[in-house]
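Undergrad: As a plain string of letters, each chain reads:
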Amino acid sequence: MSHAASVHSLWTMSADAPQKIPAPHIEYAQLSPTLIVLGAAVLGILVEAFLPRRSRHPVQLLLTCVALAAAFAAVVALAAGGYGTGKAHAAAMGAVAVDGPALFLQGTILLVSLVAVFTFAERRLDPAAHGRPVDSFAAQGAAVPGGRAEQDAVRAGFTTTEVFPLLLFAVGGMLVFPAADDLLTLFVALEVFSLPLYVLCALARRKRLLSQESAVKYFLLGAFSSAFLLFGVALLYGYAGTVTYSGIADVVGGNVRMLDPVLAGTTGNDALLLIGGALVLMGLLFKVGAVPFHMWTPDVYQGAPTPVTGFMAAATKVAGFGALLRLLYVVLPGLRWDWRPVMWGVAIVTMLVGAIVAVTQTDVKRLLAYSSIAHAGFILAGVVATSPDGVSSVLFYLGAYSFVTLGAFSVVTLVRDAGGEATHLSKWAGLGRRSPLTAATFAVFLLAFAGIPLTSGFAGKFAVFKAAAQGGAGPLVIVGVVSSAIAAFFYVRVIVLMFFSEPKEDGPTVAVPSPLTSSAIAIGVAVTLVLGVAPQYFLDLAGQAGVFVR
Amino acid sequence: MAFPLLTLTAAVPALGAVATAAVPAGRRTAAKWLALAFSLATLALAAVQLVRFDPDAKGPFQLTESHAWIADFGVRYELGVDGIAVVLIALAALLIPFIMLAGWHDADPQESGSSRWRPTQGFFALILMVEAMVVISFEATDVFLFYIFFEAMLIPMYFLIGGFGDGAAGQGDAGAAAQRSYAAVKFLLYNLVGGLIMLAAVIGLYAVTADQLGTGTFSLQEIVQARAAGKLDIATTTERALFLGFFFAFAVKAPLWPLHTWLPNAMGEATAPVAVLITAVVDKVGTFAMLRFCLQLFPEASKWATPVIVVLALISILYGALLAVGQRDIKRLVAYASISHFGFIVLGIFAMTSQGQSGATLYMVNHGVSTAALMLVAGFLISRRGSRLIADYGGVQKVAPVLAGTFLVGGLATLSLPGLAPFVSEFLVLVGTFSRYPAAGIVATLGIVLAALYVLVLYQRTMTGPVKEEVRGMPDLRARELAVVAPLIALLLFLGVYPKPVTEILDPAVRHTMSQVHQADPKPDVNDVEAAK
Numbered sequence: 001m002s003h004a005a006s007v008h009s010l011w012t013m014s015a016d017a018p019q020k021i022p023a024p025h026i027e028y029a030q031l032s033p034t035l036i037v038l039g040a041a042v043l044g045i046l047v048e049a050f051l052p053r054r055s056r057h058p059v060q061l062l063l064t065c066v067a068l069a070a071a072f073a074a075v076v077a078l079a080a081g082g083y084g085t086g087k088a089h090a091a092a093m094g095a096v097a098v099d100g101p102a103l104f105l106q107g108t109i110l111l112v113s114l115v116a117v118f119t120f121a122e123r124r125l126d127p128a129a130h131g132r133p134v135d136s137f138a139a140q141g142a143a144v145p146g147g148r149a150e151q152d153a154v155r156a157g158f159t160t161t162e163v164f165p166l167l168l169f170a171v172g173g174m175l176v177f178p179a180a181d182d183l184l185t186l187f188v189a190l191e192v193f194s195l196p197l198y199v200l201c202a203l204a205r206r207k208r209l210l211s212q213e214s215a216v217k218y219f220l221l222g223a224f225s226s227a228f229l230l231f232g233v234a235l236l237y238g239y240a241g242t243v244t245y246s247g248i249a250d251v252v253g254g255n256v257r258m259l260d261p262v263l264a265g266t267t268g269n270d271a272l273l274l275i276g277g278a279l280v281l282m283g284l285l286f287k288v289g290a291v292p293f294h295m296w297t298p299d300v301y302q303g304a305p306t307p308v309t310g311f312m313a314a315a316t317k318v319a320g321f322g323a324l325l326r327l328l329y330v331v332l333p334g335l336r337w338d339w340r341p342v343m344w345g346v347a348i349v350t351m352l353v354g355a356i357v358a359v360t361q362t363d364v365k366r367l368l369a370y371s372s373i374a375h376a377g378f379i380l381a382g383v384v385a386t387s388p389d390g391v392s393s394v395l396f397y398l399g400a401y402s403f404v405t406l407g408a409f410s411v412v413t414l415v416r417d418a419g420g421e422a423t424h425l426s427k428w429a430g431l432g433r434r435s436p437l438t439a440a441t442f443a444v445f446l447l448a449f450a451g452i453p454l455t456s457g458f459a460g461k462f463a464v465f466k467a468a469a470q471g472g473a474g475p476l477v478i479v480g481v482v483s484s485a486i487a488a489f490f491y492v493r494v495i496v497l498m499f500f501s502e503p504k505e506d507g508p509t510v511a512v513p514s515p516l517t518s519s520a521i522a523i524g525v526a527v528t529l530v531l532g533v534a535p536q537y538f539l540d541l542a543g544q545a546g547v548f549v550r
Numbered sequence: 001m002a003f004p005l006l007t008l009t010a011a012v013p014a015l016g017a018v019a020t021a022a023v024p025a026g027r028r029t030a031a032k033w034l035a036l037a038f039s040l041a042t043l044a045l046a047a048v049q050l051v052r053f054d055p056d057a058k059g060p061f062q063l064t065e066s067h068a069w070i071a072d073f074g075v076r077y078e079l080g081v082d083g084i085a086v087v088l089i090a091l092a093a094l095l096i097p098f099i100m101l102a103g104w105h106d107a108d109p110q111e112s113g114s115s116r117w118r119p120t121q122g123f124f125a126l127i128l129m130v131e132a133m134v135v136i137s138f139e140a141t142d143v144f145l146f147y148i149f150f151e152a153m154l155i156p157m158y159f160l161i162g163g164f165g166d167g168a169a170g171q172g173d174a175g176a177a178a179q180r181s182y183a184a185v186k187f188l189l190y191n192l193v194g195g196l197i198m199l200a201a202v203i204g205l206y207a208v209t210a211d212q213l214g215t216g217t218f219s220l221q222e223i224v225q226a227r228a229a230g231k232l233d234i235a236t237t238t239e240r241a242l243f244l245g246f247f248f249a250f251a252v253k254a255p256l257w258p259l260h261t262w263l264p265n266a267m268g269e270a271t272a273p274v275a276v277l278i279t280a281v282v283d284k285v286g287t288f289a290m291l292r293f294c295l296q297l298f299p300e301a302s303k304w305a306t307p308v309i310v311v312l313a314l315i316s317i318l319y320g321a322l323l324a325v326g327q328r329d330i331k332r333l334v335a336y337a338s339i340s341h342f343g344f345i346v347l348g349i350f351a352m353t354s355q356g357q358s359g360a361t362l363y364m365v366n367h368g369v370s371t372a373a374l375m376l377v378a379g380f381l382i383s384r385r386g387s388r389l390i391a392d393y394g395g396v397q398k399v400a401p402v403l404a405g406t407f408l409v410g411g412l413a414t415l416s417l418p419g420l421a422p423f424v425s426e427f428l429v430l431v432g433t434f435s436r437y438p439a440a441g442i443v444a445t446l447g448i449v450l451a452a453l454y455v456l457v458l459y460q461r462t463m464t465g466p467v468k469e470e471v472r473g474m475p476d477l478r479a480r481e482l483a484v485v486a487p488l489i490a491l492l493l494f495l496g497v498y499p500k501p502v503t504e505i506l507d508p509a510v511r512h513t514m515s516q517v518h519q520a521d522p523k524p525d526v527n528d529v530e531a532a533k
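Residue numbers (full-length UniProt numbering), protein chains in the order written: chain G, 1 to 550; chain D, 1 to 533.
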């Protein structure tokens with residue numbers, strides 16, 4: 001099979017030359033952000049295994065924060081070293097791209113995760129149980145709620161600190177996901193970040209049944225979408241004879257570099273390309289929660305522990321849209337006229353369904369879930385712009401949106417009654433009278449979601465709509481504006497409820513958090529306002545990062 | 001670098017808002033005085049603007065400032081004032097201290113231990129915040145900059161309407177709170193939808209300029225110059241669509257029939273000073289923006305839409321006046337009267353004659369002052385009796401003659417009695433309209449007749465006749481209240497007799513706008529009138 005020697009990639013090279021297997025050439029320095037995070041995750045597991053229970057929490061927290069900060073420093077160093085612009089290339093034998101969008105998204109994911117860790121580590125919101133401080137997590141996700149195993153675990157004081165390595169593994173996968181430059185890397189990254197998330201979803205300490213249900217739902221639907229994606233990958237391999245992005249793009253563009261006799265019958269078969277491309281897109285659209293692949297979002301957002309929801313809503317979206325952008329802009333640009341109408345449709349339906357269904361929601365977490373669907377639609381409007389402006393606007397939007405989301409879910413963790421978090425909207429009535437600061441903070445996040453000027457939400461929305469309008473997607477802008485108006489209705493409804501309704505007698509109280517959650521919320525507010533008032537620096541950054549390597 | 005006077009005029013109230021909000025809970029009175037001091041400082045800066053402004057200078061804008069802001073969006077921080085803006089800034093800065101004085105006790109927390117959330121600091125900080133945003137939207141010559149504050153203004157306004165009631169509703173506290181929050185939400189959603197539609201047009205404008213000029217821009221002057229030089233050629237349909245997007249937002253804000261229905265709710269439920277803030281200060285941004293942005297950015301489309309807009313304005317005039325006649329609630333009556341008056345302003349703007357536009361701009365000022373006088377006195381009256389219903393009053397002039405007298409003057413100004421300020425502007429609008437659209441001018445005159453009806457009937461029912469039992473012990477105007485009303489009435493008299501100082505500043509700006517739209521005044525020609533028949 002020596003004639004296929006030109007299709008070397010990280011995944012196929014050993015099959016090509018069985019007689020001598022050279023070590024693959026890996027640029028470790030350029031992959032350092034991912035390696036640091038995954039290494040720290042492994043260390044975290046060792047900590048779980050060998051350290052006494054009492055000291056695990058501080059050690060894990062420190063380890064996680066240091067790892068994420070170090071990885072972020074590595075990203076900054078790579079970007080400063082020109083890997084975002086001039087030196088951008090595909091590392092690890094074409095498996096992982098090191099370019100502007102990848103570094104920008106990795107930086108965003110790392111910062112978001114760092115802030116999310118603060119909410120993971122919060123242990124002051126609930127009163128201590130059995131003399132030990134508790135966080136939002138259960139020690140044994142699989143134990144029957146209220147059953148014997150669970151009670152034993154609580155009594156024995158099993159710790160819940162394995163959430164930190166789980167988070168790190170998820171972050172590691174998310175770092176690779178938007179940088180993946182071949183389809184198999186994409187799939188592996190998808191699984192690496194999805195599996196820890198399934199587990200994390202099942203770990204809520206309160207409302208165990210809801211939490212387990214959400215995990216099962218997420219897992220089953222996630223498994224489906226992974227299967228779709230993998231099937232699509234197989235079809236695309238059949239079409240192009242390679243899984244690398246640039247290889248497929250070449251075949252799509254008509255410059256076939258090689259022809260494997262085994263695949264001669266299928267190479268260049270447009271049916272395979274269209275079906276395969278559609279299946280891979282489906283898998284990615286599932287992850288970003290676009291309609292009609294959004295069914296899991298409200299249930300999972302509601303059932304998962306709120307810190308996890310915040311992390312998932314912010315970071316998964318960043319990673320998912322990163323991968324989607326790369327696929328559409330690098331692999332399938334030659335197919336623009338085929339996928340643009342479809343993506344138009346998906347964007348329109350996503351915006352409208354997210355906004356309209358959110359109007360009827362009565363649970364804060366479900367409301368935010370539907371709002372995140374509507375926002376996925378707005379981002380898609382930027383994705384279909386098919387211009388460098390479109391890429392940079394999406395990058396900017398993702399950065400702006402993820403901090404608003406994280407902040408909003410952090411506030412949700414604070415509003416509590418006897419049953420844990422009081423997420424039913426009716427309980428939020430009059431919150432503004434009882435705790436003006438908390439309510440005002442949440443109002444800032446809601447206004448940012450609604451896209452009111454002087455918040456990051458407005459700058460982001462303007463950026464994507466502008467790119468869409470210039471890319472000839474005027475109707476999308478109109479639909480976007482209409483759904484923004486619908487969305488404004490339910491954001492405003494929550495504000496009305498908080499500020500202008502009489503507080504209930506048995507209303508929830510606002511827990512006084514430790515500096516961890518406070519700083520997570522403060523960072524959220526700061527980023528929201530700074531990106532709203534002075535977005536130029538970050539727009540520049542996103543603009544410089546707008547070119548994919550091929 | 002020149003002294004940033006315009007930035008400062010907007011920054012002072014903004015800083016004041018932050019400072020006022022930061023005053024500790026126990027120091028209510030200090031917060032009030034602090035807010036008043038900041039509003040007076042703003043007034044001083046607005047006065048400096050008036051002095052430094054040279055009506056005869058060349059060029060459309062003066063005291064300009066320009067800095068890079070968001071280069072990616074083609075947005076610059078560009079400020080500048082023309083005669084219209086400088087006068088309206090002065091009006092806003094003048095009214096805010098009176099609004100504060102009139103609402104001095106409106107936001108005091110109730111001692112009875114009610115759970116109502118109405119911190120005084122918030123009330124005064126929000127008023128200053130609105131002032132800052134109104135001032136900067138009058139100053140902005142960058143469409144995007146204007147849009148940002150035009151929209152952001154809604155949020156403090158929304159909290160002012162929804163958070164502070166006048167406690168004069170009959171159906172218990174919970175019902176009143178529900179009504180108030182309904183009014184606030186209605187206000188916000190109407191204006192937000194208008195704003196979002198404008199956002200689509202703003203983005204469209206960017207796409208057009210980016211397409212033809214290479215780099216997108218929002219600078220009003222740059223766009224106007226590019227159009228004059230033929231470098232920017234907006235297709236007719238595009239121009240019309242963009243015009244409609246902008247106009248829709250301004251017509252909601254102004255408000256123009258049939259987009260007006262939020263105003264009676266908002267003005268009825270808000271406290272009287274907040275109602276004045278809405279109608280006399282914030283809504284002026286809408287009519288002002290029609291002149292500055294609709295006409296100058298889209299002259300051809302403006303002319304195209306004129307017939308429809310004139311008809312809508314006429315409907316506003318008559319519909320507002322008719323509904324005002326039928327109102328049982330004093331504040332809603334004033335709200336409908338305002339709708340009628342905004343009809344006159346829009347009519348004057350789109351009559352496309354220099355008399356009409358001069359009249360309309362002068363009308364903005366006069367309407368601000370006269371509505372403030374009428375509404376604030378009405379607020380004092382309502383706070384005494386605890387009811388907004390006209391039927392609950394009677395014979396007030398025997399008990400509180402000064403209150404009744406000032407109420408009458410405010411009312412007479414509203415019905416445009418000669419000798420009071422609004423007469424001059426209403427007359428100019430009618431003459432200006434008549435010279436181009438005689439029929440419209442005649443129909444609009446009916447609005448004046450109806451105005452006489454609703455004002456005089458209101459006065460008759462509340463102030464004359466036998467003294468009602470509940471009114472008997474009513475105190476007359478206090479010193480603070482008199483200090484609010486007297487200057488406003490003096491101003492009404494002064495501008496009614498001698499409007500020249502204001503018109504001198506306004507007229508060059510109006511002429512400039514007219515030239516932008518390529519409109520000349522129609523010649524008063526007997527044959528034309530004959531032909532029209």
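Be aware that a few hints might be false.
[To be verified] Selected chain G positions facing chain D (Cβ under 10 angstroms, derived; list incomplete):
hint : residue
1    : 340
2    : 344
3    : 447
4    : 450
5    : 459
6    : 468
7    : 501
8    : 539
[Said to hold, decoys possible] Mimicking DSSO-like on lysine-lysine, the simulated pairs with C-alpha atoms at most 30 angstroms apart in a straight line are:
hint : chain 1 : residue 1 : chain 2 : residue 2
9    : G       : 207       : G       : 427
10   : D       : 58        : D       : 500
11   : G       : 427       : D       : 186
12   : G       : 504       : D       : 186
13   : G       : 217       : G       : 427
14   : D       : 303       : D       : 58
Hints are computed from structural coordinates only; laboratory data are not their basis. Ideal placement from N, C-alpha and C gives every residue a C-beta, glycine not left out.
Undergrad: So which of those numbered hints doesn't the model satisfy?
TA: 1 and 2
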